[in-house]
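*Asks:* Based on the sequences and whatever the hints tell you, model everything.
All residue numbers for the sequence shown refer to full-length UniProt numbering, where the first residue is 1 and numbers rise by one.
You may find that some hints are simply not true.
[To be verified] The calculated lysine to any residue pairs, modelled on SDA-like cross-linking and capped at a C-alpha distance of 25 Å, are:
hint : residue 1 : residue 2
1    : LYS102    : GLY51
2    : LYS60     : GLU86
3    : LYS46     : GLY69
4    : LYS56     : MET70
5    : LYS60     : VAL47
6    : LYS60     : GLY18
7    : LYS102    : PHE61
8    : LYS100    : MET70
9    : LYS23     : MET70
10   : LYS102    : GLY49
11   : LYS60     : GLY49
12   : LYS60     : HIS98
13   : LYS23     : ASP50
14   : LYS46     : ILE34
15   : LYS46     : LYS56
16   : LYS23     : SER45
17   : LYS46     : GLN32
18   : LYS100    : ALA53
19   : LYS56     : CYS39
20   : LYS100    : GLY69
21   : LYS100    : THR44
22   : LYS102    : GLY81
23   : LYS46     : LYS23
24   : LYS23     : CYS74
25   : LYS46     : GLY24
26   : LYS56     : TYR99
27   : LYS23     : GLY49
28   : LYS60     : SER45
29   : LYS46     : GLY81
30   : LYS102    : GLY48
31   : LYS100    : PHE83
32   : LYS56     : LYS102
33   : LYS46     : THR76
34   : LYS23     : MET82
35   : LYS102    : LEU66
36   : LYS102    : SER45
37   : LYS56     : ASN77
38   : LYS46     : GLY65
39   : LYS60     : TYR99
40   : LYS102    : GLY65
By construction, these hints were calculated from the structure, which means they are not laboratory data.
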Amino acid sequence: MLLVGGAIWVATPAHAQGADIFKGADLALGEQLIAEHQCVQCHTSKVGGDGSAIFKPQGKFNTAGLMRGMVEMCNTNMNMGMFPEEVTAIAAVLNRDHYKFK
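*Replies:* Here is the structure:
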């Protein structure tokens, strides 16, 4: 437990997990889903330029679990209806290509 800004923060499994959460993830499926759902185009429209700034969130998250949670948030907010293993597959591709959490 940690006191941050007057609030108590408890490390949950999503916060505490390392990149081992991606073990066994289907990277080919993740790549397919990123293309199918046009993730790059959507993120490029949000941040401008070539869209790469979306992969440098400046402190928004710093663990594999939190990054996977951001993919889940997109899944929910965009009403994509992906299953947990599909969200993990996308997050695993993002980790491999951009974040490199260990």
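*Asks:* Decide, hint by hint, whether the structure agrees.
*Replies:* Each hint, compared with the structure:
1. LYS102 x GLY51: holds, 24 Å
2. LYS60 x GLU86: Distance ~22 Å between LYS60 and GLU86 Cα, so the pair holds.
3. LYS46 x GLY69: Cα-Cα ~19 Å, so holds.
4. LYS56 x MET70: holds, 13 Å
5. LYS60 x VAL47: holds, 15 Å
6. LYS60 x GLY18: Since the Cα atoms of LYS60 and GLY18 sit roughly 16 Å apart, the hinted pair holds (cutoff 25 Å).
7. LYS102 x PHE61: Roughly 14 Å separates the two Cα atoms, so the pair holds.
8. LYS100 x MET70: holds, 15 Å
9. LYS23 x MET70: holds, 18 Å
10. LYS102 x GLY49: violated, 28 Å
11. LYS60 x GLY49: With Cα atoms ~20 Å apart, LYS60 and GLY49 stay inside 25 Å; holds.
12. LYS60 x HIS98: Given that 25 Å is the threshold and the Cα spacing comes to 15 Å, the pair holds.
13. LYS23 x ASP50: violated, 29 Å
14. LYS46 x ILE34: holds, 16 Å
15. LYS46 x LYS56: holds, 13 Å
16. LYS23 x SER45: violated, 31 Å
17. LYS46 x GLN32: holds, 21 Å
18. LYS100 x ALA53: holds, 16 Å
19. LYS56 x CYS39: With a Cα-Cα distance of about 16 Å, the restraint between LYS56 and CYS39 holds, given a limit of 25 Å.
20. LYS100 x GLY69: Distance ~16 Å between LYS100 and GLY69 Cα, so the pair holds.
21. LYS100 x THR44: holds, 21 Å
22. LYS102 x GLY81: violated, 28 Å
23. LYS46 x LYS23: violated, 30 Å
24. LYS23 x CYS74: The hint holds at about 22 Å.
25. LYS46 x GLY24: violated, 31 Å
26. LYS56 x TYR99: holds, 9 Å
27. LYS23 x GLY49: violated, 32 Å
28. LYS60 x SER45: holds, 19 Å
29. LYS46 x GLY81: Given that 25 Å is the threshold and the Cα spacing comes to 21 Å, the pair holds.
30. LYS102 x GLY48: Since the Cα atoms of LYS102 and GLY48 sit roughly 29 Å apart, the hinted pair is violated (cutoff 25 Å).
31. LYS100 x PHE83: holds, 23 Å
32. LYS56 x LYS102: holds, 17 Å
33. LYS46 x THR76: holds, 17 Å
34. LYS23 x MET82: Roughly 19 Å separates the two Cα atoms, so the pair holds.
35. LYS102 x LEU66: Holds, at about 13 Å.
36. LYS102 x SER45: Not satisfied, since the Cα-Cα distance of roughly 29 Å exceeds 25 Å.
37. LYS56 x ASN77: Holds, at roughly 21 Å.
38. LYS46 x GLY65: holds, 23 Å
39. LYS60 x TYR99: This hinted pair holds, its Cα atoms lying about 13 Å apart.
40. LYS102 x GLY65: holds, 11 Å
In this structure, the earlier hints numbered 10, 13, 16, 22, 23, 25, 27, 30 and 36 are contradicted, and the remaining ones agree with it.
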